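Given these sequences and hints, build the entire structure.
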Amino acid sequence: MMYAESALHPQEDAGQVTAVSSHLTSCHECRSLVATLQAEARSFSKVLALSADAQSLQAPNPSRFRRAHPLRDLTLATLMASLVTGLVQWSWKALFEELVLSAVAWGTETWTPSTYALANRTFLFFQEKGADMLNNYLALIIAVLGVLALFGLRSIWRKPGIFPALLLTVAGSVTLFGMAPPSHALEVIHQEEAVVIDASETINDTLIVAAQDVTVHGNVEGNLFVAAEIVTVTGNVAGTLIAFAEDVLVTGNIAGMTVTAGDSVEFEAAMLDGDLWLAGDSIELDRDTIAKGNLVSGSGSLDMAGSVAKDLFAGAERVSISGDVGEDVELSARRVTVTDSAEIGGDLSYRIPGEEELELGGNAVIRGDISYQGKPDNFQARNPLAHHDFYLWSALWFIAALLVGWLAMTLFPKLAQLDLGDARDSLKTAGVGFLALVSVPVMAVIVAITVVGLPLSFIAIAIWLTAWYLAKIVVAHLIGKAILEKPEKQPGLVLSLLVGLLIVTIAIHLPFIGGAFNLVATILGLGLMLQLWLNRNKEAASD
Amino acid sequence: MADSAAFEILYKEYYPRVFALCRRLLLRHECAEDATQETFTRAYKTFRQYQSDKPFWHWIAAIAHNHCIDRLRLDGRWQEVDMSAEADFDQLASADALTEDVLIAAENQSLLHNAIDRLPEKYRLPFVMAYQVQLSYDDIAVLLELNRSHVGVLLLRAKQQLRAKLTAATKGG
Chain A
1 MMYAESALHP QEDAGQVTAV SSHLTSCHEC RSLVATLQAE ARSFSKVLAL
51 SADAQSLQAP NPSRFRRAHP LRDLTLATLM ASLVTGLVQW SWKALFEELV
101 LSAVAWGTET WTPSTYALAN RTFLFFQEKG ADMLNNYLAL IIAVLGVLAL
151 FGLRSIWRKP GIFPALLLTV AGSVTLFGMA PPSHALEVIH QEEAVVIDAS
201 ETINDTLIVA AQDVTVHGNV EGNLFVAAEI VTVTGNVAGT LIAFAEDVLV
251 TGNIAGMTVT AGDSVEFEAA MLDGDLWLAG DSIELDRDTI AKGNLVSGSG
301 SLDMAGSVAK DLFAGAERVS ISGDVGEDVE LSARRVTVTD SAEIGGDLSY
351 RIPGEEELEL GGNAVIRGDI SYQGKPDNFQ ARNPLAHHDF YLWSALWFIA
401 ALLVGWLAMT LFPKLAQLDL GDARDSLKTA GVGFLALVSV PVMAVIVAIT
451 VVGLPLSFIA IAIWLTAWYL AKIVVAHLIG KAILEKPEKQ PGLVLSLLVG
501 LLIVTIAIHL PFIGGAFNLV ATILGLGLML QLWLNRNKEA ASD
Chain B
1 MADSAAFEIL YKEYYPRVFA LCRRLLLRHE CAEDATQETF TRAYKTFRQY
51 QSDKPFWHWI AAIAHNHCID RLRLDGRWQE VDMSAEADFD QLASADALTE
101 DVLIAAENQS LLHNAIDRLP EKYRLPFVMA YQVQLSYDDI AVLLELNRSH
151 VGVLLLRAKQ QLRAKLTAAT KGG
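In order, the protein sequences belong to chains A and B. Throughout the first sequence, residue numbering follows my numbering, covering 1 to 543 in sequence. Throughout the second sequence, residue numbering follows my numbering, covering 1 to 173 in sequence.
With a Cα cut of at most 30 Å, we get these calculated BS3-like pairs of lysine-lysine:
1. Lys-292(A) to Lys-310(A)
2. Lys-45(B) to Lys-122(B)
3. Lys-414(A) to Lys-12(B)
4. Lys-165(B) to Lys-122(B)
5. Lys-46(A) to Lys-165(B)
6. Lys-12(B) to Lys-45(B)
7. Lys-12(B) to Lys-54(B)
8. Lys-12(B) to Lys-46(A)
9. Lys-46(A) to Lys-54(B)
10. Lys-375(A) to Lys-310(A)
11. Lys-54(B) to Lys-122(B)
12. Lys-122(B) to Lys-46(A)
13. Lys-414(A) to Lys-428(A)
Over 10 Å on every C-beta distance to chain B, these chain A residues come out as not near it, computed from the model:
14. His-217
15. Lys-310
16. Glu-330
17. Leu-420
Simulated from the structure, these hints should not be mistaken for lab results. In this text the structure is predicted, and so the values were computed from the model without any measurement. All C-beta atoms in this analysis are idealised placements derived from N, C-alpha and C, irrespective of residue type, glycine included.
Structure representation (structure tokens):
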């Protein structure tokens, strides 16, 4: 047997080998036995080798075999944590506060129905704030470099090498150099009891406050973000004021936009340089309040006795205007009162249930036209399909979704390869999608309560909204692909998207069942994308 | 210390084979998973001792084998081979072999797998090392701390038992 399996040692067993070999030359029976034994051994090897190959196993995550470098890991972890913290704080400051708010300010400041006026205002705006905006957009470049630095860190973590080290050094240095001016430090106050910023105090940068009562008598050099039961601002805010509270009282000066929501929102002798975006049960601007921008409000009641330099757009149960409005006034309400003391520089257009509901003082000055626009939307049994706006917006959504879908699936081809699988998989996907739809906003609110959580919460919501938007596009592509798929050929991406989006656009606007279809498409799309993300390592391994 | 990247590649490549080997030696799926992980952990720690001119498979299989023997010992399923009781060197010169029809039937019906699994540890281990890992008699002898002829005897016994089981199964089936 050992001879047959070549197990005899050529030197040590040389005698045996020679003897067996010479015997075999003359013995047919033994030759046959040796051949059979060899065939048997081959057969055993074949079956056992097959059994090994048949184990279509995937090796679990091999992280436990990675080299242990506690000092390096600690250093890299500290660096990464610092970089992430810095990026989050800086993103909040540079991207949200400046870039987004600037864009909103630009949009609202230049908004006007007239093309000529729009161009004129755009030019003026850029003349005044162009340099600042350019700086803000440079922030995007810093953000990209920051992300590259994080990639460098990750690569070094996984596998040290020259390229990731170089990437980390260059991107990290530029990021840290570019993103950390001292004025970009946030001041965050989060406490249960009252917070008072005395008149003698000056906050040199953005202030974020969450407390029961917040009173700001002093100066805030940056933006002011407040969430409280009662908010009182009597001091000066150099940036934007965003306040969410039961009662909001502003008697100070706000140089940027004012965005507030609360049961009661009052302005007394306030000087407001930017636009006002207000929501609440009751909104009041007293006669000494001056707003240099537009006023947009949605409320139970609006009493505007102050001065608004630009347009006033309001939707309310009851609107009373007794102050000055520099340009147009557009109202949608149950009842509108324009008192004798009111002065409107532009047109007054209004929607109320009956034309007679307008109380117009005899001495009120309205320099433009007065036009009754009919009943407010909520007083009409409006059929959206009967209005051309609906088709315009649907077409815009369709085109935008087509472009975004094409871009997303070209950049991330895995999105185009998603599949719902069988009924069980689809149910699982819907469950995952529903959880994501519901849980992310809840978690974002919980995270927002923590001191450093607010920016993270905004980022989470931004990602969630993006995913929400993409969800229907992903499902549309699936539908398009399923319709156009042929055994011998896969349909093109654009064609699949075109067909799918056409179907989805129509389906989500169908009376009665459109909403349900919209919800199902959204949760399925969210579920598919979330599973793709969760299984990314598995996918990468299978590639 | 090992080159992590190189080891990870080897790990992914050889995991299924090492698992199959451990499964064959220990006969239990969960035990085989643990043993496979432990084998790679041990291999990683001693990766520098691996001589790249020799097949990696033989090296990792030897580690797996040693670990599995340790496990079998712990479980009381392994007893040192007493070659005085096994010695039957004469039979090495007059071995029988399975006929071709029995072998074909065994391959096709997974009878061979079942029969191997039912072999006593002292026969199954050298058998698996010889025909699954493809180790030489000398290598197996080193692993089992025996000499080459003893390995031959154990393999002979293993084959005799397999032949008996397979012949009975194919005739009975």
